[in-house]
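Generate the whole structure from the sequences, applying the supplied hints.
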Amino acid sequence: MKKSYSWGRYPVIEQSCQEVFWRDQELIDAPSMLPYGQGRSYGDVCVNEGGVVLQTSKLHHYINLDESKGILRAESGTTLEQILKLIVPKGWFLPVTPGTKYVSLGGAVANDVHGKNHHRAGSFGCHVLAFELLRSNGERLICTNDQNQELFHATIGGLGLTGLITWVEIKLKPIASSYIHQQVSRFKNLEDFIRLNESEEANWEYTVAWIDCLAKGRNLGKGLYLAGKHDDDTRLESGVEKNSSITMPIDAPSWLLNRASVQLFNSLYYRKPRKKLSRVYYDGYFYPLDKIAHWNRMYGKRGFFQYQCVVPVDEAESALSKILEKIARSGQGSFLSVLKKFGNNPAPGLLSFPRSGFTLALDFANRGEKTLQLFSELDEITMHYGGAVYPAKDARMSAMAFKQFFPAWENFSQYIDPHFSSSFWRRVNQ
Amino acid sequence: MKKILILGATSAIAEKLTQAFAAKGDSLYLVARNKERLTIIADDLQVQNDSDVYTHSLDLTDTGQHETLLQSAESKMGGLDIVMIAYGTLSDQKESESSFKNTLSELNINCLSVISICTHAANLFEAKGSGCIAVISSVAGDRGRQSNYVYGTAKGALSIFLQGLRNRLDRKGVHVLTIKPGFVDTPMTKDFKKGLLWVGPETIAKGIVRAIDKRKDVVYLPFFWRYIMLIIKLIPERIFKKLSL
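Those protein sequence lines, which keep their order, are chains A and B. 1 is the number of the first residue of the first sequence in our numbering; add one for each residue after it. 1001 is the number of the first residue of the second sequence in our numbering; add one for each residue after it.
Quick caveat, the hints were computed from the structure, so don't treat them as lab data. Don't be surprised by glycine CBs; every beta carbon is placed ideally from N, CA and C. Worth double-checking, as some hints may not be accurate.
[What the hints assert, rightly or not] Distance windows between CB atoms, simulated:
#, chain 1, residue 1, chain 2, residue 2, range
1, B, Gly1025, A, Asp146, 23 to 29 Å
2, A, Arg120, B, Arg1033, 47 to 53 Å
3, B, Gly1173, A, Leu129, 31 to 37 Å
4, B, Glu1074, A, Val12, 40 to 46 Å
5, A, Glu67, B, Leu1104, 47 to 53 Å
6, B, Ile1231, A, His294, 44 to 50 Å
7, A, Leu129, B, Arg1033, 31 to 37 Å
8, A, Glu410, B, Ser1147, 50 to 56 Å
This is the structure we're talking about:
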């Protein structure tokens, strides 16, 4: 047993770790296992207290790349970073990418991740053509939309509970350039954002907004709207420019992040003069935080939470203002607050988080009870409006809340492998 | 662009080596026991590179096959420049202490079968007046220690053999490289507690590629093992025998 934690560094638990080296390897004989890729989910979906995690970071062989059709099959531990290095020079891109490239393919499937193009492309799972699932009874099942269909839909967004995904086949998207054409615009408040998004989202493949979560009153929900699309200048390059990354060397002292420093950062960020239109390299556009290795240390030893919810379109403005007001009043919100409208593409997983609506994601330093209390209140608003909270970011939602957010949970549970479990799953099924 | 035969291609160090070679456009002939895993490695290389990759599954303790193996590698690739020997097992010292059969089998895998391949490769390269024989030995062969002296014996004997071979072949234009890695984090050492001195297989692979390019004789990888082993070799036997290394 070894002390471990996820990206949010909360909770700290004990579990043992078994590395998987080959995809033809049998599973070990253990009562409670959970696949673990890069550990980039924030809470406890990727940890298994008292059990075993199956570490897949060495499971990263490519199996096939059809360069004419853009179909890639690779082992589940392959990271999106590795894949981008391979495919970008060949004129292909990930169909959907989350805000970090340091996640494994298996993790992207298991959390059915989404990105800035959700309004067009749906979630990552929408582009999964097939995968192999290794169950604890030794069965190897190829799952596609027509074959082992139930397990296909249970495993996408299935939080690693249905068995070990050994490889995944995805459909890539063609690109003509490794650069992104970007437009930045300001919006004054929530209403302004919704209006701006309405008029812009049809023109841009990628859209996301950064908001100042400390702004109140008239300015509630003010921020920057960042829209982008792949350039068409036929320049295909891969690889990050050298020396572009820095490391957060130590844990930041806990006093560093307070209302004043966050306010300062946010107001500087909002006012920072910027070109309205620009052309940026894909890496900096999609993965700005990947440039700071271990940025999670910024929140100090106690770790941090991310709260990400989605609320339906109809009453979005009212739901979001209630949520933002509550956060602004608490003064606990942090630098990174992100708002985006999801599209209507249904996600393929039984437990997939993305659904039509507006999604809001904010980081919070762990200030103990005070923070947890705030989250319970936010959950209530989300529940009231019929929304949901994202398991990949969660470390504390109640079992009751989970079951309301994910009504398919009961149907899902019949597909769980009897030897697989996670701290998250036990927590939301108490 | 070289033509390289890699024996024990599914080992972690060899796998990183194949990637480094393939990225340079070298042709590769990969040999290992496990056919499925050879395919896993070959497919991975072919997705990432345009170089030629051949696979051949074989139990390398079958020394009767060695000569034909070298011939088929040479004919498939249309030549042979480097023979890279990367297979081996980390024997359970305790098991060998209670069973000579076990000791013999460890010596067979880690030493005798390697000597067999080297013998054929040496004659082939000697006749051509060029070529490189690169062999992964170990720091464990530098001094016998109670914790793994059977493995150490195999690797020590191998290092001496290579020393002699180098002495014979240098004047014939053949390069013989002895590689002595220290602690490497691979599936072979998965049960060990890892500390500061441990490195990943990619570090070792990089060092090997450099040593081949620079025609080194003996390399310790990483370099600091040369000094660690120097100190270990300098300890007088009457003190050494009391240590539990």
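Cross-check of the supplied hints:
{"no.": "1", "hint": "Gly1025(B) / Asp146(A): 23 to 29 Å", "result": "violated, 41 Å"}
{"no.": "2", "hint": "Arg120(A) / Arg1033(B): 47 to 53 Å", "result": "holds, 49 Å"}
{"no.": "3", "hint": "Gly1173(B) / Leu129(A): 31 to 37 Å", "result": "violated, 53 Å"}
{"no.": "4", "hint": "Glu1074(B) / Val12(A): 40 to 46 Å", "result": "violated, 57 Å"}
{"no.": "5", "hint": "Glu67(A) / Leu1104(B): 47 to 53 Å", "result": "holds, 50 Å"}
{"no.": "6", "hint": "Ile1231(B) / His294(A): 44 to 50 Å", "result": "violated, 35 Å"}
{"no.": "7", "hint": "Leu129(A) / Arg1033(B): 31 to 37 Å", "result": "holds, 33 Å"}
{"no.": "8", "hint": "Glu410(A) / Ser1147(B): 50 to 56 Å", "result": "holds, 54 Å"}
Comparing the model with each earlier hint shows violations of hints 1, 3, 4 and 6; every other hint is respected.
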